[in-house]
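Visitor: So the sequences go chain by chain: X and Z.
Letter by letter, the first sequence follows residues 1 to 280 of this note's numbering.
Letter by letter, the second sequence follows residues 1 to 309 of this note's numbering.
Quick caveat, the hints were computed from the structure, so don't treat them as lab data.
Virtual Cβ for every residue (Gly too), placed ideally from N, Cα, C.
Among the hints, erroneous ones may be present.
[Claimed, not checked] Using C-beta positions, here's what the derived DEER-type ranges look like:
(1) Z/Asp-205 x X/Ile-112: 39 to 49 angstroms
(2) X/Gly-180 x Z/Gly-59: 55 to 65 angstroms
(3) Z/Tyr-11 x X/Glu-224: 48 to 58 angstroms
(4) Z/Leu-153 x X/Ser-8: 24 to 34 angstroms
(5) Z/Lys-108 x X/Gly-180: 29 to 39 angstroms
(6) Z/Arg-195 x X/Ala-135: 29 to 39 angstroms
(7) X/Ala-23 x Z/Pro-25: 42 to 52 angstroms
(8) Z/Tyr-110 x X/Glu-224: 15 to 25 angstroms
(9) X/Thr-141 x Z/Thr-36: 13 to 23 angstroms
(10) Z/Ile-88 x X/Ser-107: 36 to 46 angstroms
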Amino acid sequence: MDKIFKLSKKEQVIVQFIMIAWAIVVLVPFLSAVLNALKPNVGAVFRDPFGLPDPVTWGNFAKAWVNANFGRYFANSAFIALTSVAIVTFASSTTAFVLARMPFKGSTIIFIGFMIGVIVPIRLALAPLFDTVRALGLLDTLWSVILVQAASMMPVAVFILVSFFQNISKEIEEAAIMDGAMPFTVYWKIMLPLIRPALATIALLTFVQAWNEYFLPLIFIQSEELYPLTLGLNQFNRQFSIQWHMMFAAILIMMAPTIIAFILASKQFISGLTQGGVKE
Amino acid sequence: MNEQKQTRFSYRTIKNFQRTLLLLPGVLLYGIFNFTPLMMMVPTSLLDWPGIGPKEFVGLDNFKKILGNEYYRDQLLNALSQNVLFFIVIIGTFLVIGTSLALLLSFKTYGRKYYQIIYFLPYPMAGAAVAYLLNLFVNPRGPLNAIMMQFGLIDSPIPFLGSEDTALTTLALFYSWHRMGFAIMLILSGILAVRIDLLEASMLDGANRWQSIKNVVFPVLGPAFILITVIIMVDVFNNADYTLLIMGAEAGPFRSTDIMGTFLYRSAFGASAASSDANFGMSAAIGLITTIMILPAALFLALKNFRNK
Chain X
1 MDKIFKLSKK
11 EQVIVQFIMI
21 AWAIVVLVPF
31 LSAVLNALKP
41 NVGAVFRDPF
51 GLPDPVTWGN
61 FAKAWVNANF
71 GRYFANSAFI
81 ALTSVAIVTF
91 ASSTTAFVLA
101 RMPFKGSTII
111 FIGFMIGVIV
121 PIRLALAPLF
131 DTVRALGLLD
141 TLWSVILVQA
151 ASMMPVAVFI
161 LVSFFQNISK
171 EIEEAAIMDG
181 AMPFTVYWKI
191 MLPLIRPALA
201 TIALLTFVQA
211 WNEYFLPLIF
221 IQSEELYPLT
231 LGLNQFNRQF
241 SIQWHMMFAA
251 ILIMMAPTII
261 AFILASKQFI
271 SGLTQGGVKE
Chain Z
1 MNEQKQTRFS
11 YRTIKNFQRT
21 LLLLPGVLLY
31 GIFNFTPLMM
41 MVPTSLLDWP
51 GIGPKEFVGL
61 DNFKKILGNE
71 YYRDQLLNAL
81 SQNVLFFIVI
91 IGTFLVIGTS
101 LALLLSFKTY
111 GRKYYQIIYF
121 LPYPMAGAAV
131 AYLLNLFVNP
141 RGPLNAIMMQ
151 FGLIDSPIPF
161 LGSEDTALTT
171 LALFYSWHRM
181 GFAIMLILSG
191 ILAVRIDLLE
201 ASMLDGANRW
211 QSIKNVVFPV
221 LGPAFILITV
231 IIMVDVFNNA
241 DYTLLIMGAE
251 AGPFRSTDIM
261 GTFLYRSAFG
271 ASAASSDANF
281 GMSAAIGLIT
291 TIMILPAALF
301 LALKNFRNK
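Start from the sequences, fold in the hints, and give me the full structure.
Guide: Here it is as structure tokens:
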């Protein structure tokens, strides 16, 4: 057994060589972004893309944040992502609770309805979706993005939670029901504490998805003061596409929260996002 | 409070009432903003409707136009064939590079925990940030061309995204760079799930390492490969973020990066605000055609999840 997975010295060197090669492919674009975002002007970027910044200019980040409105975009993105997380964790846990623990005549039909959302991506229904959002008067508001984003996360969240609920034993719940506990109480007092790990996964998935979403804001939001970071970066690229040092700084601002969160919780990220990707 | 109610309503009534209240938020949210639009694709596809103003019922005219009218058919065939090529490049890199790296990660390599984290790093990043980062990185004046010139690999900078011949492949490689960590993790978990007694048996039979991997590990990886293929297929046939971000809805140069997602977007909103050929009915029809194309793959994925429960 060990003979298969253990490597001799010589093999170890070769394997390390390949691993480092791919690590370089992954890391070099990030490193070049950091190097060049600290350069004083675009000339220094063109002259030597891998040269060290001289002098180190932190001002590019401040300029992007203040002059190019990134503070505003950042706040919009955070609002969209956090509200989506709140809505999805609440709505998916209550719905999944009913579907998994107290099924009724129509629950299979509802479950199949959710499944259709997994089978057909909502982007394909671009025209009717736009029409629905407009009919509700939500066009050009942050709520259009939040509600559509939250709705599109529902099937994945419900599936993850239903399978989680089904693994919880019936005993505690039955004892509580014998004592006359109502569904609200069972959900809030008994189930919610038990499903916390699954809810954390769903919150992470939703946050990353909503923070990164480009397409929904693109079709729903026109006013610049409502732009999230993704549209803001798009706008910034139109204005400053030649100012590379500024572009790199803006890209890093956009990535910073994700990188920090990923480093702090890489294990949860890897397992959670892989799981979410499979369910989609 | 509960007791007060119980005097007026039976336990059963309250239970049903509360159950409905618990069910409703999720069902309404999903029903209004996801399910209804999906269903509305069918009636909308029978309309000639620029998005505002009067709707005109035209029956199957939109489908006839897409499949028969040269203007639309050529766009569809162009977008579709380029989408297939886009998909093949991505899945090819995933299966070759992803499998190799996952295999190496399964060995007892120094620092493999750190390699896993590094390899996964791009995956959680926003597509918009990745697209612009790599766009600058492969620019003729950017770092990649600079370093290749320095090492004498090329004589003059390559316009990866500026040329019709390379733009689509370059965008596909952006996608691969972004999502490779996902493929690696799926294949790696497939390898780690291989039953150890099977491997031991093959070693006892005198098989060497490569023979054991080929005969025991690879056959078990089939499901992981199929899963990756299906997920990526569903994704690349509706998501065109890279093209929209870098090339815009016109999918330049000369529509050489046009895929189904950009074609669909143009049909609903036109390439620019000024153009008037937007038709929501046409857009819904294209959406339906795309749905039918990815349906086998998507159904497979859904049924697989269903069976897992």
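Visitor: Can you let me know if the beta-carbon spacing of Z/Asp-205 and X/Ile-112 is within 39 to 49 angstroms?
Guide: holds (48 angstroms)
Visitor: Looking only at beta-carbon atoms, does the pair Z/Tyr-11, X/Glu-224 fall within the given range of 48 to 58 angstroms?
Guide: For X/Glu-224 against Z/Tyr-11, whose Cβ atoms are near 55 angstroms apart, the range 48 to 58 angstroms holds.
Visitor: Given the hint of 15 to 25 angstroms, check if Z/Tyr-110 and X/Glu-224 actually sit that far apart at their C-beta atoms.
Guide: Taking Cβ atoms as reference, Z/Tyr-110 and X/Glu-224 lie about 50 angstroms apart, which means the hint is violated.
Visitor: Please check whether Z/Ile-88 and X/Ser-107 have a Cβ separation lying inside 36 to 46 angstroms.
Guide: holds (41 angstroms)
Visitor: Can the suggested window of 55 to 65 angstroms be confirmed for the beta-carbon pair X/Gly-180 and Z/Gly-59?
Guide: Holds, since X/Gly-180 and Z/Gly-59 (Cβ atoms, about 59 angstroms apart) stay within the stated range.
Visitor: May I ask you to test the hint 29 to 39 angstroms on the CB atoms belonging to Z/Arg-195 and X/Ala-135?
Guide: This hint is violated: roughly 55 angstroms between Cβ atoms.
Visitor: Is 13 to 23 angstroms respected by the C-beta to C-beta distance linking X/Thr-141 and Z/Thr-36?
Guide: holds (19 angstroms)
Visitor: Given a hint of 42 to 52 angstroms, does the C-beta separation of X/Ala-23 and Z/Pro-25 actually sit inside it?
Guide: Taking Cβ atoms as reference, X/Ala-23 and Z/Pro-25 lie about 45 angstroms apart, which means the hint holds.
Visitor: With 24 to 34 angstroms as the target window, see if Z/Leu-153 and X/Ser-8 comply at their CB atoms.
Guide: With a Cβ separation near 33 angstroms, Z/Leu-153 and X/Ser-8 satisfy 24 to 34 angstroms, so the hint holds.
Visitor: Does the Cβ distance between Z/Lys-108 and X/Gly-180 fall inside 29 to 39 angstroms?
Guide: Distance hint for Z/Lys-108, X/Gly-180 is violated at roughly 57 angstroms.
In the structure shown, a violation is registered for the earlier hints numbered 5, 6, 8, in ascending order.
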